[in-house]
Every structure is written in structure tokens, then in C-alpha cells.
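Protein chains in written order, with the numbering used here: chain R, 1 to 353; chain Y, 1001 to 1353.
One should not assume that every hint holds.
Stated by the list, open to error - Derived pair list, reagent style DSS-like, types lysine-lysine, alpha-carbon separation capped at 30 Å:
no.	chain 1	residue 1	chain 2	residue 2
1	R	351	R	336
2	Y	1333	R	66
3	Y	1334	R	297
4	Y	1237	R	351
5	Y	1296	R	334
6	R	334	Y	1333
7	Y	1237	R	326
8	Y	1351	Y	1326
9	R	67	R	297
10	Y	1297	R	334
11	R	325	Y	1296
12	Y	1067	R	351
13	Y	1297	Y	1067
14	R	61	Y	1066
15	Y	1326	R	296
16	R	297	Y	1351
17	Y	1297	R	336
18	Y	1104	Y	1237
19	R	336	Y	1296
20	Y	1325	R	297
21	R	296	Y	1351
22	Y	1066	R	325
None of these hints come from the bench; they were simulated from the model. Because the structure is a prediction, the values reported are computed rather than measured.
There are 2 protein chains.
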Amino acid sequence: MDSALKVNQGVPQPPAINPRAREIIIKKRSRHLDVSACLDGIRNGNIPILAQAITLIESTKEEDRKKARELVSACLPASGNSVRIGITGVPGVGKSTFIEAFGKYITSSGHKLAVLAIDPSSERSKGSILGDKTRMETLSNDPHAFIRPTPSGGSLGGVARKTRETVILCEAAGFDIIFIETVGVGQSETAVHSMTDFFLLLMLAGAGDGLQGIKRGIMEMSDLLVIHKADGNNVEKALQARSLYQGALQLFPPAPSGWTPLALTASSLEETGLEKILETILNYVRLTEENGFFQKKRAEQAVYWMRESIDDYLLSRFYGNPHIKKVLPEMEKKVKEGLTDPFRAASELLKLF
Amino acid sequence: MDSALKVNQGVPQPPAINPRAREIIIKKRSRHLDVSACLDGIRNGNIPILAQAITLIESTKEEDRKKARELVSACLPASGNSVRIGITGVPGVGKSTFIEAFGKYITSSGHKLAVLAIDPSSERSKGSILGDKTRMETLSNDPHAFIRPTPSGGSLGGVARKTRETVILCEAAGFDIIFIETVGVGQSETAVHSMTDFFLLLMLAGAGDGLQGIKRGIMEMSDLLVIHKADGNNVEKALQARSLYQGALQLFPPAPSGWTPLALTASSLEETGLEKILETILNYVRLTEENGFFQKKRAEQAVYWMRESIDDYLLSRFYGNPHIKKVLPEMEKKVKEGLTDPFRAASELLKLF
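So that you can see chain R by itself, here it is in the shape it has in the complex (with noise of 0.2 Å):
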């Protein structure tokens, strides 16, 4: 834990800032950024400069790609030491709450928090709540705390590279705790289960109804279940959920880190069971550092990313082709109607291409 939480000391705090003020600013520099300068500033932690740089990182022109490929390199010897805390629960659950109660406590113990997400626009509708970062008031306006919505537009492959460059120059920016955000009931949580340490699951104490939708095998992917909205009247249910998930989880498959997943419960509304979870993620931190687990999953993500990134390209190529987007559904549809074999349909589509 230690090696992954040293940074926030000595991390100058950057002021606060208006956020309307701040994009304002953001929006005006964006354009003329010079690489070494942007590093100084996001290695002081100056928040205007990191949000610029997340700019560029966003951006599809070929020039602000170079400078954010340079970029992204220059902040890798200081990235790093955090701990990335992946979230996802299905709408309804209260992510937006959870985020903003937890991420308030989590700055007031010290840390330096920032929030991502990764749902691209076509799964964003279905519950991301980023895009509307105005319902975490509280913490948009907590000067240790950085939010950053999903990047508009692209494939899930592009918003997942985007997502875990800017995790990089977060963390080159002092942030120690990183929370990625996702909705859970599309491609995106494998993406944000492959760039994070610690995958967290929003529940509700209704077994069934609070995952309706949800994809299956996430639950046992988790490394904790947080049954939320533990309060009133619905405490007792919650403890009661509680104890039977946590008996399911002891049937799972031992995890590779060598952790047990638990089950929790908190209240977004009366601010409990936060300081649990932290300590929780704090446990499993200081488990899979100790077990070598945390270095090798991280090393794996890494390898995994690079061979994301390379077949993200080869394959854009092909599905991108003007030709092959025109005549790609009307296979499709003959393949699901079973007129072709589908090895049939892939042999004749390369042969267009």
C-alpha cells in the first residue's frame, strides 16, 4: 500500500477553482500547448493544465495526437502510484450518490481522488452519469477531487485508450485514488476491469430486481458488493442481502489475488459504511502488494492493452472501410438467418476488402 499511496505527500494542492471558470479556461488554451510546459504543470498538479491535457489526449487531429503520444510518455516515470478503483452497477443503483458521498470521504482523508469514466456515447444513455456531472455538486467543487466525463463519441476501444492515458497523467498530477466509472450492462466493464486494481459492484438489497440487465459474470469478477441505499426502512434488508451474498461469494472460484470478496453495505444519504469500503480497498492494496499479485496484474493490463491497441487498429481498418460498412449488415443479416455459414460470410467479406 505504501508504494501505491506515497505520492500525495508533498503534492502541491491545486486551488479551487469555479468548474464554469475552469472550462472556460480549458476551452481557450487547449488549442496552443507546448508538451514540456504541459508536464511541469500537471507534475505541480495544476488542475487547468491537466484538464488541457486530457484535451489533447481526446482530440482526433494527427498533430495533438503526436504531442499527447509525447505527453503521455513524459508523465509514465511519475504514474503509477494510485490505487485504480473500477465502479459499475446498473442505473438505479445510485452511482452518481455513491460517487459523490464516497469521493467526499475519500478526499477527506487525505487523498487526492479523480473520477473517470468509460461508457462510450452509444452505451452512455443507458445510465452513465458523468455526462451530467452537475448531480455530483459536492465533489465537482472539492479541490482534491478532478472529474472528468467519458470522452464524446468513438468506438470502445478509443474511449478506453483515451480513458487510460488521462489515468496516467492523473496520477503524474499527484491523484492517489482513481475511480473509473462504467454502467455494467455493456462491453465496458471488461475494458474498465482490465485497467483497474480493485473492481467494485453497486447492489441494491433486492436480489434480482437492482441487476436486472446487468451482464452476467461481473458478480464474480468483483472484488467487493456494496449493497447500497442502506437506510430507513431498507437496513434491515440490506444486512440481510449482505450475509447472502457473502455466502455466495465464498462458493466462487478462488480469485487468483489470493483475496476473499466481500459484501458491504453503505448509505450514500446518511454517509455510512464509507470509511469500511476505503479500508477494504486499502486491505486488498496491501494483500496483493505484499503477494506480488498487484505488480502482475498491473504488468498483464499493460501487456493487454498494447495488444487491445494493436488489434483496435488492424480491425478499424477493415470495419472502417466505406466498402465493408455497406455490405457488412446485409451479411450479417444473412448469416443470423442461417443462409450463409458465417466462416463462408467472413472469407467473402476479406475478399472485398
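Go by the hints and put chain Y onto chain R.
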């Protein structure tokens, strides 16, 4: 269920052939094979011809591949009328004895059973049973059963394609139940899950022990857990485990199939619990045919395999490139050690290509 299982009646049953004699015939004939004669043979349930045709599918020669593609396309209209069952479980769980016992029960109930496997050679040593066909002696000699080991060599993508094409041929030959076996410790279980209608996970009563090394997420993807070796002194422990797991399964997110996964017990030694397993599978088929999920999933799987096949081809041109093959391990090492960032490494490799 009716549509999935109706093929069985009226298909001529193949003569019982000594398996050793069968293999000699196959080896002799596979070099010169006429597509339309082959199709006739398959449609008549001629096992030696089916086996030869599969050898064509497994061949890497372009001439054979062309014939194989024609044959698969020709068989397509007669395919689809089976229940495709994925069976997974770690080494030691008793997969071979289970497939032998359950397979015998299936053929004695009037079905025709094909048993295939998917683990590529690199994973085979971890416990796939079908390399060792002799361990299923009774089933090997059953005229209503057809056992085909994993094709040797090749990537998972290649093996998966061959297995999926083999399914089509087996269906055209009148096999109405198809097992696809995998060891579940690597990547192959995702492939199996993506080509089967029903996913069965074999387990042992000692929670955890019997699951060591199994991939996280598999339990949650399963439609049926079977607590195996429920015999002798083990019966009570198995029943307890069953009830624990049944409770846990109800806490999982609802499956899009509308099916609630079950836990059952079975003994291959005492041949108990097998009837209930078949009944459960057929109940699943009935439910999902009625609610449309069965057909929907098959259509989605077909599109999945078209895309997988395209991706596999495009990526293999990169990863198979001699220059890339030489440089890749070095680059991976640098990425693992954090000396370069994954996206920069990816773009450098792509430049080399």
C-alpha cells in the same frame, strides 16, 4: 424442443464399426474425396465419411480448405437441429467418466450423440480428456455416439472454427445432441460458451477445492452446475453443496434466457442423477424455444463467429509476421516493466509492420 430434436427419427443408424478399423479407413480415404458423394454419405449418417469430412475441415491445405468450405455450406440447410451442450470442469472433476456415463444414458434414450472438444494443443495437457479417447471405451464403441478429439495444433481461433464447422457436419449427419468439452482453465470456455446452447459446469462437493484455477466468471455463465461424484460417503456432502450453490445461483443477475440456473448432483459410478440432467437440459430448450431466446442466441452466435473469423484472419497477418514475431516479446517485456507505455509500444509495432 420439437424443432431442435426432430431430426432423430428416420435417419438411418450407422453400422457399428470397430474404432480402430474406422481410423484406418479414414486415413486411407481422406486424400481423395468428392464433395457431393461426401454430402450424401453424411446425410445418410455414414460415420466413416463424416470422419473423413472432418479431416478435410482440419486440413491446412488450401485445396482441402476449399472443399471443406463447400461441404460445410452444403450441409448448412440440414444443420441446426441439435442441442449443443458445453461441458466444462477442472482436471480431477471426472469429466471423462461423466461424459461416458451421461453419453451412454443419452444414446440409450434414443438420441444420437457427438462428443467434440475445443482445447487447443497448448491447453490440452492441462486436462482435456479427448486426446485420450480410450478412457471412454463404452462410448467409443456405441454406434449412436461419435467421438472426435480436438484437432491437433493451431490457435484457439483455428480450433474453434474447426469445431464449429464440425458441429454443422455432425448435425447434418443426424446427431441431435452435441457435447463440446473444455477444461475451463484458459480462454477456450468463452469460445465454447459462444457456440453452445447450454453450458454445464461440473464441480466437486468441496467448495473451492474443485474449482482451483477455474476462470472467474464461468460459474455465472453456467446454466447448470452438476456436483459430481455424489456417491458412497460423498452423497451427503454433495447434497449440501448442491443446496448451497442453488442458493447462490438465485442471487446471480437474471439471465437473458429467462432461465434460472440449477444445481444438481450426479454420480457416473452409480449412474445416478443423469436422467434429471437430461430432463433439465430439455426443459431449458423448451423454455428458450418458446420465449425465442434459443433462436436469438444462435443467430447472435453466428454473427459472433463471422466477426471472430474476420478478426482472427486480420490479426494473424500481423502476429504471424516473422519480423513482428521477433520484436514482440522484447516489446512486451518493456511494457511489462513500465519502460514504455502500451499505446506507444503498439504504435511502434504497427509502424514496423
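Hint check:
Taking the CA atoms of residue 351 of chain R and residue 336 of chain R, the gap is near 20 Å; set against the 30 Å cutoff, the hint holds. At most 30 Å may separate the alpha-carbon atoms for a hinted pair to count; residue 1333 of chain Y and residue 66 of chain R meet this at roughly 24 Å. Note on residue 1334 of chain Y and residue 297 of chain R: the hinted pairing holds, with a Cα-Cα distance of about 15 Å set against a maximum of 30 Å. For the proposed pair residue 1237 of chain Y and residue 351 of chain R, the alpha carbon gap of about 57 Å is over 30 Å, so the pair is violated.
Of the pairs offered as hints, the one joining residue 1296 of chain Y and residue 334 of chain R holds, with about 14 Å between alpha carbons and a cut-off of 30 Å not exceeded. A threshold of 30 Å between alpha carbons decides the hint, and for residue 334 of chain R with residue 1333 of chain Y the separation of about 43 Å lies outside it, so the pair is violated. Between residue 1237 of chain Y and residue 326 of chain R, the direct Cα distance comes to roughly 58 Å. Violation of the 30 Å bound is thereby established for this hinted pair. Only pairs whose Cα atoms come within 30 Å are accepted, and residue 1351 of chain Y paired with residue 1326 of chain Y is accepted, the gap being roughly 15 Å.
Restraint check for residue 67 of chain R and residue 297 of chain R: the C-alpha separation of about 29 Å stays at or below 30 Å, so the hint holds. Under the criterion of a C-alpha separation no larger than 30 Å, the hint pairing residue 1297 of chain Y with residue 334 of chain R is consistent with the structure, at around 15 Å. Distance hint between residue 325 of chain R and residue 1296 of chain Y is fulfilled; the C-alpha atoms sit about 23 Å from each other, no more than 30 Å. Taking the CA atoms of residue 1067 of chain Y and residue 351 of chain R, the gap is near 18 Å; set against the 30 Å cutoff, the hint holds.
A hinted pair counts as satisfied when its Cα atoms are at most 30 Å apart, and residue 1297 of chain Y with residue 1067 of chain Y qualifies at roughly 29 Å. The suggested pairing of residue 61 of chain R with residue 1066 of chain Y is violated, with an alpha-carbon distance near 44 Å, which exceeds 30 Å. A hinted pair counts as satisfied when its Cα atoms are at most 30 Å apart, and residue 1326 of chain Y with residue 296 of chain R qualifies at roughly 24 Å. Between residue 297 of chain R and residue 1351 of chain Y the alpha-carbon distance is near 27 Å, which keeps this suggested pair within the 30 Å criterion.
With a CA separation close to 10 Å, the supplied pair residue 1297 of chain Y and residue 336 of chain R stays within the 30 Å bound. At most 30 Å may separate the alpha-carbon atoms for a hinted pair to count; residue 1104 of chain Y and residue 1237 of chain Y meet this at roughly 26 Å. With a C-alpha separation of about 9 Å, the suggested pair residue 336 of chain R and residue 1296 of chain Y falls inside the 30 Å cut-off, and the hint holds. Taken as a hint, the residue 1325 of chain Y and residue 297 of chain R pair is honoured in the structure, with Cα atoms around 24 Å apart against an allowance of 30 Å.
Pair hint residue 296 of chain R plus residue 1351 of chain Y holds up; C-alpha atoms about 28 Å apart against a cutoff of 30 Å. Only pairs whose Cα atoms come within 30 Å are accepted, and residue 1066 of chain Y paired with residue 325 of chain R is accepted, the gap being roughly 26 Å.
Going down the numbered hints, you'll see the structure goes against 4, 6, 7, 14, while the others check out.
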